[in-house]
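Go by the hints and put chain B onto chain A.
Number of protein chains: 2
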Amino acid sequence: MTGIHHAENHFTASESVRDVVIGMADGLTVPFALAAGLSGAVSSTGVIVIAGLAEIAAGSIAMGLGGYLAARTDREHYASERTREHREIHEMPAAEREEVATIFRGYGLDDDQATPVVSAICSDPDRWVDFMMRYELGLEAPDPGRAVKSALTIGLSYVVGGLVPLVPYMTTGSVLKGLAVSAAVTLLALFAFGAVKGRLTGVKPLFGGLQTVGIGGIAAVVAFGIARWIS
Amino acid sequence: MTGIHHAENHFTASESVRDVVIGMADGLTVPFALAAGLSGAVSSTGVIVIAGLAEIAAGSIAMGLGGYLAARTDREHYASERTREHREIHEMPAAEREEVATIFRGYGLDDDQATPVVSAICSDPDRWVDFMMRYELGLEAPDPGRAVKSALTIGLSYVVGGLVPLVPYMTTGSVLKGLAVSAAVTLLALFAFGAVKGRLTGVKPLFGGLQTVGIGGIAAVVAFGIARWIS
Numbered sequence: 001m002t003g004i005h006h007a008e009n010h011f012t013a014s015e016s017v018r019d020v021v022i023g024m025a026d027g028l029t030v031p032f033a034l035a036a037g038l039s040g041a042v043s044s045t046g047v048i049v050i051a052g053l054a055e056i057a058a059g060s061i062a063m064g065l066g067g068y069l070a071a072r073t074d075r076e077h078y079a080s081e082r083t084r085e086h087r088e089i090h091e092m093p094a095a096e097r098e099e100v101a102t103i104f105r106g107y108g109l110d111d112d113q114a115t116p117v118v119s120a121i122c123s124d125p126d127r128w129v130d131f132m133m134r135y136e137l138g139l140e141a142p143d144p145g146r147a148v149k150s151a152l153t154i155g156l157s158y159v160v161g162g163l164v165p166l167v168p169y170m171t172t173g174s175v176l177k178g179l180a181v182s183a184a185v186t187l188l189a190l191f192a193f194g195a196v197k198g199r200l201t202g203v204k205p206l207f208g209g210l211q212t213v214g215i216g217g218i219a220a221v222v223a224f225g226i227a228r229w230i231s
Numbered sequence: 001m002t003g004i005h006h007a008e009n010h011f012t013a014s015e016s017v018r019d020v021v022i023g024m025a026d027g028l029t030v031p032f033a034l035a036a037g038l039s040g041a042v043s044s045t046g047v048i049v050i051a052g053l054a055e056i057a058a059g060s061i062a063m064g065l066g067g068y069l070a071a072r073t074d075r076e077h078y079a080s081e082r083t084r085e086h087r088e089i090h091e092m093p094a095a096e097r098e099e100v101a102t103i104f105r106g107y108g109l110d111d112d113q114a115t116p117v118v119s120a121i122c123s124d125p126d127r128w129v130d131f132m133m134r135y136e137l138g139l140e141a142p143d144p145g146r147a148v149k150s151a152l153t154i155g156l157s158y159v160v161g162g163l164v165p166l167v168p169y170m171t172t173g174s175v176l177k178g179l180a181v182s183a184a185v186t187l188l189a190l191f192a193f194g195a196v197k198g199r200l201t202g203v204k205p206l207f208g209g210l211q212t213v214g215i216g217g218i219a220a221v222v223a224f225g226i227a228r229w230i231s
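Chains as they are written, first to last, in this note's numbering: chain A, 1 to 231; chain B, 1 to 231.
Same shape as in the complex, but just chain A (with noise of 0.2 Å):
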């Protein structure tokens, strides 16, 4: 049992919910950032709504594609590595078993203690592939079905995200109103949020919070103030 005791605490976040909260992260923020921007610039919710959900459809689809493309090279990537490594036991054995060697005398084995580990796990091809990948190279195998089902979590997160800024514009009808309750919203949203992530990532809640509404309002206040500036 203590396998499964030990796993539960070190436990942080399941990859499915790390992409959530990449998504929504930035679907809050950047809308959030863009809407308040314009606030200053512009005197119509109206081209507020349509820049804002035109961020939302780009966004979404930048981070999403984008993520599945990053899960399929990082997928090509291991294969293509190997590849590599198996064709270097095979023509430079000794070399890459005097690698496995000296990863152990790093841990302060000698010779005669390492000679057998290094020769057990030498023996199996694929295991001495395995162990190369791993703690040579630091790669571990990837997950064939995450590719498609990271890009939907993280373009539908976004989508919902940046929902939320976005919502007040469309339901008021001055442009000074719906910044209001925008930021009202979102920055709420940003600090539930963040709490959340914090939690997951080991952050204390309050803090995380914090964070994530500082980077929400920082980028809001530099968007409003370029927006107001140039206009």
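Calculated directly from the structure, the hints in this document are not laboratory data. Because the structure is a prediction, the values reported are computed rather than measured. Cβ coordinates follow ideal geometry from the N, Cα and C atoms, glycine included. You may find that some hints are simply not true.
Stated by the list, open to error - Here are the computed lysine to aspartate or glutamate pairs in the EDC-like style, where the Cα-Cα straight-line distance is at most 16 Å:
no.: 1; chain 1: B; residue 1: K149; chain 2: B; residue 2: E15
no.: 2; chain 1: B; residue 1: K149; chain 2: B; residue 2: E81
no.: 3; chain 1: A; residue 1: K204; chain 2: B; residue 2: E76
no.: 4; chain 1: A; residue 1: K204; chain 2: B; residue 2: E15
no.: 5; chain 1: A; residue 1: K149; chain 2: A; residue 2: E15
no.: 6; chain 1: B; residue 1: K204; chain 2: A; residue 2: D124
no.: 7; chain 1: B; residue 1: K204; chain 2: A; residue 2: D110
no.: 8; chain 1: A; residue 1: K149; chain 2: A; residue 2: E88
To be verified - Derived coverage of chain A by chain B (criterion: at least 3 residues anywhere in the stretch with Cβ under 8 Å from a Cβ of chain B; other residues may be distant):
no.: 9; stretch: 123-129
no.: 10; stretch: 215-221
Below, chain B alone, put in the same frame as chain A:
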């Protein structure tokens, strides 16, 4: 010399290069798609430039500060897991020794072979914790100066990337002319950028270039469609 040769073989991209890639990929894509989207809905290049600059401000701050906080959270997470491992090897050394042994049994060592290795690793608390951090939890010690450098690199790359699609709108008086020049320049930049990124991550340059152009193009077309549809 094998070690050096080997390291070069596996070289893909330094962390700074990766930060530039991350920032510039989004900087080229999102402001481009936003500007293209707004081109389907508004008749003044002024509004597009304001919205674009507000987006660049918002996006670069969100990504830069987000990157900074993520790097800092990684560092705190590493430190807290390290403290926990130190406590665990102190409070329940037998269970932790057994975890080290389990890793080596997984590589096909029998108990006689594993015992001296486990003893060597566990003879020094720091070495023992190092081993658990790296091989049990898959965590490597983060570079302490990276958070600030990473934030600045990502943020500035986003700004540079984002100005590419906007400059055409600043220099031409007409929305349609701006859109045409912006699309031509940005898609070319996305292609060149994707090709370089492909080289760094081990993807074929032509394929890498087409991928980034595809993401930018799809994002722009969808943003344009949404903006036109609701306006």
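Hint check results:
{"no.": "1", "hint": "B:K149 to B:E15", "verdict": "10 Å, holds"}
{"no.": "2", "hint": "B:K149 to B:E81", "verdict": "24 Å, violated"}
{"no.": "3", "hint": "A:K204 to B:E76", "verdict": "11 Å, holds"}
{"no.": "4", "hint": "A:K204 to B:E15", "verdict": "28 Å, violated"}
{"no.": "5", "hint": "A:K149 to A:E15", "verdict": "10 Å, holds"}
{"no.": "6", "hint": "B:K204 to A:D124", "verdict": "32 Å, violated"}
{"no.": "7", "hint": "B:K204 to A:D110", "verdict": "44 Å, violated"}
{"no.": "8", "hint": "A:K149 to A:E88", "verdict": "34 Å, violated"}
{"no.": "9", "hint": "123-129", "verdict": "holds (count 3)"}
{"no.": "10", "hint": "215-221", "verdict": "holds (count 5)"}
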